[in-house]
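Let chain A serve as the given structure and place chain B on it in line with the hints.
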Amino acid sequence: MPNPTSPFAALSFGAEAGPWRVAAARVPGPSHARAGIECQDAFAVVASPRGVAAVVSDGAGSAMRAGPGARLLSFATAERLARLLDGAGPVDAAAVRAAVTEAGEAWRRALARAGASLADHHATLVAAVLTDRGSAFAHVGDGLAGLAAAEDWPGAVLSRPENGEFSNETWFVSAPHWQDHLRVTALPDAAPGDVAVLVTDGAMPFTVGPGGAGLEPGLLAPLSRHAAAEAPGQVALDIAGTLDGTAARRISGDDKTLVWIGRSHHECGHHERSRHECSRHE
Amino acid sequence: MTTPPAVLRPHALPDVTLKDNRAERLACVVVVDGSLSMAKSGAIHELNEGLKIFEAALKDDDEAAIAVQVAILRMGDQDRVETLVDFVDAVDFEAPTVLASGSTPLGKAVDQAMAMIEQQKQRYRQHGITYKRPWLFVMTDGAPTDGPVYDEVAVRARAAQAEGRFSLFAVAIGPEARLDQLARITHRFEPVRLIEARFREMFVWLGASMSSASRPAAGQQLALPPPTSWAVIEV
Chain A
1 MPNPTSPFAA LSFGAEAGPW RVAAARVPGP SHARAGIECQ DAFAVVASPR
51 GVAAVVSDGA GSAMRAGPGA RLLSFATAER LARLLDGAGP VDAAAVRAAV
101 TEAGEAWRRA LARAGASLAD HHATLVAAVL TDRGSAFAHV GDGLAGLAAA
151 EDWPGAVLSR PENGEFSNET WFVSAPHWQD HLRVTALPDA APGDVAVLVT
201 DGAMPFTVGP GGAGLEPGLL APLSRHAAAE APGQVALDIA GTLDGTAARR
251 ISGDDKTLVW IGRSHHECGH HERSRHECSR HE
Chain B
1 MTTPPAVLRP HALPDVTLKD NRAERLACVV VVDGSLSMAK SGAIHELNEG
51 LKIFEAALKD DDEAAIAVQV AILRMGDQDR VETLVDFVDA VDFEAPTVLA
101 SGSTPLGKAV DQAMAMIEQQ KQRYRQHGIT YKRPWLFVMT DGAPTDGPVY
151 DEVAVRARAA QAEGRFSLFA VAIGPEARLD QLARITHRFE PVRLIEARFR
201 EMFVWLGASM SSASRPAAGQ QLALPPPTSW AVIEV
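Sequence lines, in order, name chains A and B.
The opening position of the first sequence corresponds to residue 1 in the working numbering, with each subsequent residue numbered one higher.
The opening position of the second sequence corresponds to residue 1 in the working numbering, with each subsequent residue numbered one higher.
For reference, chain A alone in the conformation it holds in the complex (with noise of 0.2 Å):
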């Protein structure tokens, strides 16, 4: 298994691994801390020199047990997508939705054999995959996900939120035929430069760009930066003081949580920060 893996219910967690550099925080939105609810978004990173797989998924407010089917469900699909970075075959949409379909059935399976009720523990999920031998994203219901190459916030990829015909319904892994509403985005191979994000409901607003297209350069570029430049952990944190912060409630009272991913342009994977460290970099 492919290291570091982001510890199960981590509020936030940095890596770095060959080329790659993930930050990823989750915040209870403001609504559910005053009420002593706790956080129903979670999140679960696998990165290795080889690629990274992420997931983040939101729990239903409306179900009992939305936080721990979030986190069971992000970690049994990070998990599984992982495989695919050591595997020798492509990443492509055809491997993703497979591996997705088959953590989300196993999740599934997990709960009932538990007992569980499936509506108890409604989550969306949206997970990336990213590669040098292809990439995708995988998703179900809301939340966004979104690469971006060589900066160019407008022109990001994007994977959208499916919600029903209004916007406080959506779709999630414990729905019945639950499988007719994964989306597979397959994407470019990884390359230098390369930032992927994946957010929650909540991170939406202010992470997709204006009008709906792209991603919002005004968090992204300086996020990059300061990711380029920090220690992955203390970018996590500053993440999560960002989604916790009050500009980001005032514009949703919804837990948040936003996982950042880059590919460094030094194939040693030294950063900014440590290029001094690198002879190749001379």
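Warning: the hint list may mix true and false statements.
[Stated by the list, open to error] In the SDA-like style, the derived pairs of lysine to any residue whose C-alpha atoms are separated by at most 25 Å in a straight line are:
(1) B/K19 to A/A110
(2) B/K19 to A/P30
(3) B/K19 to A/A221
(4) B/K59 to A/G241
(5) B/K59 to B/P175
(6) B/K121 to A/R160
(7) B/K121 to A/T246
(8) B/K121 to A/E162
(9) B/K59 to A/P30
(10) B/K19 to A/G253
(11) B/K19 to A/D244
(12) B/K59 to A/R160
(13) B/K19 to A/G212
(14) B/K19 to A/A116
(15) B/K19 to A/R250
Bear in mind the hints are in silico, worked out from the structure with no lab data behind them.
Structure of chain B alone, referenced to chain A:
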């Protein structure tokens, strides 16, 4: 000598400006009674004052002012339905002055309101704008004067609500208003009777409820404040 590990502390990301790029809307059509009986009872003045309060309540809420879109229909004259305000962002909404004369074509008014809601949803979809379930707020002090039309529209209105196409709230004004008739067009929310002439309290409630409903979904069922300050629910 070893260097102690750096202590990581959470800060906000430097230089980040968060913008709300979500374009989520909540459409609300208010059908007001402009029939002659509203003038005879003096209720028309209270209604007009209430609409001004509604305007102020929406504009005072930053989120509602942007998210809510309002349209006002008046029924009156000779079974006529008049669009006093077509859909407009709440921030630009100006309360109209409703005149009172003529009849109460409730069936035609609800029919037109339902058509406006569907057209507005179509516009939202064409422009990629997400939206919450629209609201249709109907108030009258009498009974429908377009009986056959009302009979047909009432069936469609209930079916549309059962399909979740919009939420309808009906308010009876004064003792002559027929709650039993209003109950024919409601599905989830029972019609209520306005206490005396508490339009002011009713529109304060409507503004607050629209503000609450316009908030981004947090996965919770929408909980509206009880209308007890201005209405009674008769059983």
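Hints, verified against the model:
{"no.": "1", "hint": "B/K19 to A/A110", "in the structure": "violated (40 Å)"}
{"no.": "2", "hint": "B/K19 to A/P30", "in the structure": "holds (18 Å)"}
{"no.": "3", "hint": "B/K19 to A/A221", "in the structure": "holds (13 Å)"}
{"no.": "4", "hint": "B/K59 to A/G241", "in the structure": "violated (31 Å)"}
{"no.": "5", "hint": "B/K59 to B/P175", "in the structure": "violated (33 Å)"}
{"no.": "6", "hint": "B/K121 to A/R160", "in the structure": "holds (19 Å)"}
{"no.": "7", "hint": "B/K121 to A/T246", "in the structure": "violated (32 Å)"}
{"no.": "8", "hint": "B/K121 to A/E162", "in the structure": "holds (17 Å)"}
{"no.": "9", "hint": "B/K59 to A/P30", "in the structure": "holds (23 Å)"}
{"no.": "10", "hint": "B/K19 to A/G253", "in the structure": "holds (15 Å)"}
{"no.": "11", "hint": "B/K19 to A/D244", "in the structure": "holds (15 Å)"}
{"no.": "12", "hint": "B/K59 to A/R160", "in the structure": "violated (31 Å)"}
{"no.": "13", "hint": "B/K19 to A/G212", "in the structure": "holds (12 Å)"}
{"no.": "14", "hint": "B/K19 to A/A116", "in the structure": "violated (40 Å)"}
{"no.": "15", "hint": "B/K19 to A/R250", "in the structure": "holds (10 Å)"}
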